[in-house]
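A.B. asks: Produce the entire structure from the sequences given, and follow the hints as far as they go.
Listed below are the residues making up each chain.
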Amino acid sequence: MNSPDTTYRPEKDAACAQWVVQNCKGPLHALHRIVPTGFEKYVRIFHPGWRWPESKEKPEQGEFDGSTYSSTEMRPVSWSELASRAGAEPNGTMQWHAPEPNYDDPKPGETAPPLEGILPVQVLDALMQILTSHSRVDQDCICVFWEGFGSIERHFAERGARIVGLGQQGHFLMKASLSDVWVTWRSILASKDMVEKITPQAIWPVSKDWILATPFDNPSSFFGGPSVIAEHILAAKEVEAFEVFDGDTF
Amino acid sequence: MNRYVLFGLLVLVACSSTQLSIAQARGLWSGNKVADKTPPETRPQFDITRYLSRADREDISRRIALREVLRHKRDGTLSYSDGETIHISIPARFERDTPEPGDSYDVGTSATVVTGLIDCDINVQIPHAGRKVPGGPLFPKAKSRGTCTVTPTGQGALPPFVNYELSQVLIEMLFGPLGSPLGGVWTATHPQTGLNVSWQADVPGQRGTQVFGECPSAPRSFAHSNMMWIYPAPGWRWLGDNPFPVGTPKQAVVDC
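Chains as they are written, first to last, in this note's numbering: chain B, 1 to 250; chain D, 1001 to 1256.
Bear in mind the hints are in silico, worked out from the structure with no lab data behind them. It should be emphasised that the depicted structure is a prediction, and the values quoted were computed from it without experimental measurement. Hints may be right or wrong, so weigh each one.
On the chain B side, residues computed to face chain D include the following (Cβ under 8 Å) [to be verified]:
#1 S151
#2 E153
#3 A157
#4 E158
#5 D180
Calculated lysine-lysine pairs in the DSS-like style (CA-CA distance at most 30 Å, straight line) [what the hints assert, rightly or not]:
#6 B/K208 - B/K237
#7 B/K41 - B/K192
#8 B/K208 - B/K25
#9 B/K192 - D/K1132
#10 B/K41 - B/K25
#11 D/K1132 - B/K25
#12 D/K1132 - B/K208
#13 D/K1132 - B/K107
Note that the Cβ used here is the ideal one computed from N, Cα and C, for glycine as well.
C.D. replies: Below, the structure is given as structure tokens:
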């Protein structure tokens, strides 16, 4: 597995994130608190909910994780599907209103909520394929990591500059090529290690053409950038995405 | 009487009773067996953790966490902002209980004391504003995740399972003149059973290991402290300390 410590280099110059800090304003979970103003188009990427199998005999309780179902048996379910079932029109500011499942004894077909701060591998791959078709893969990206993860000090022997203003609390700046970011990010998502999962909360190329944010406290990710990339994301079948606008909150 | 003095006296009484209950608990750990002829229903119980309710354990966790937070605050060692991954390696000693008439377990006849090593990797977040459900209201919250494994280091088979309880405590950093808590204190207990167990924060279809508080009207500091309880399967006693703190409390300002 590609480790974060070997992938990311500390970015000591906070000035490279100044444009993000200055242009991220507003209430927590407002669009422009998460991604800066100034881009042509913004897209909200919905992390899927997770559905237990419709019909399946419950396996014996696993020794390791104590769960009655393995997470690998869960299937992604879109927000749009749930909205449509409820008779609502899916849109960029829709909220998750599925009832909380009984995790200890889930019923077949019940749905668990989407994960905060974690993109599914398939969605990450689709996004990265789009981004790397518009940006050079060897181009350096600035990657920010929330300071409050328990594993920051383990992953990064040396951290970059700290910034405040993107989302909530502080973030550390690191740097890596776009291709390295992709490989490491996906290998961490695919890993079964419980403690080691640490992925960036936002990345942008040093050319500042776009930004992809996956806040640690939000079940959605956000893209800001040129219309041509945004349209590709909106059209990707692996990605549930809607255009969002200034003033939207999530 | 000045109300602060009165409040301080109340706190002193509360602290004394906390110390006493913990001291009692620890003293009982090392207690010896008494006459076997005592009927099972009346004989003294030494594995005190087994006989504490979850509410009792939560209360002890809360009191110890408050004491630890105050101690670190006083010493200037309260970790601000950064989260932490804590690795704990505890020499484990489990003693076989002698079954009495009426007991529903059989512990066999091999070694009476079995040794092992309990290794835990626990990842503790700093408090932050977050939601219980997507789109819901904001609360101060913090997640933890990690694993514990038991490795035998001596003769004899380990107990068939160990009960672990990861107790998260979230403390609003608002204290009276004598250290009495004036803000909220919230706990969340996450039990796991097995020899090798894990606590998840972000896995599809599994309840997150997290604790929630209540949002104050203005940004305020909160501390997140974790405590681990261990007690083995029936028929076994845990010859060790309980509970033990998992790392240093993490403090951060939460702005809902």
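A.B. asks: Against each hint, give a clear statement of whether it holds in the structure.
C.D. replies: Here is how each hint holds up against the structure:
1. S151: holds, 5 Å
2. E153: For B/E153, the interface hint holds, since the closest Cβ of chain D sits about 6 Å away, which is under 8 Å.
3. A157: violated, 14 Å
4. E158: Cβ of B/E158 sits 14 Å from chain D, so the hint is violated.
5. D180: B/D180 check fails; min Cβ-Cβ to chain D is 23 Å, beyond 8 Å.
6. B/K208 - B/K237: holds, 26 Å
7. B/K41 - B/K192: violated, 35 Å
8. B/K208 - B/K25: The hint holds at about 18 Å.
9. B/K192 - D/K1132: holds, 24 Å
10. B/K41 - B/K25: Holds - the C-alpha atoms of B/K25 and B/K41 are around 17 Å apart, at most 30 Å.
11. D/K1132 - B/K25: holds, 24 Å
12. D/K1132 - B/K208: violated, 34 Å
13. D/K1132 - B/K107: holds, 21 Å
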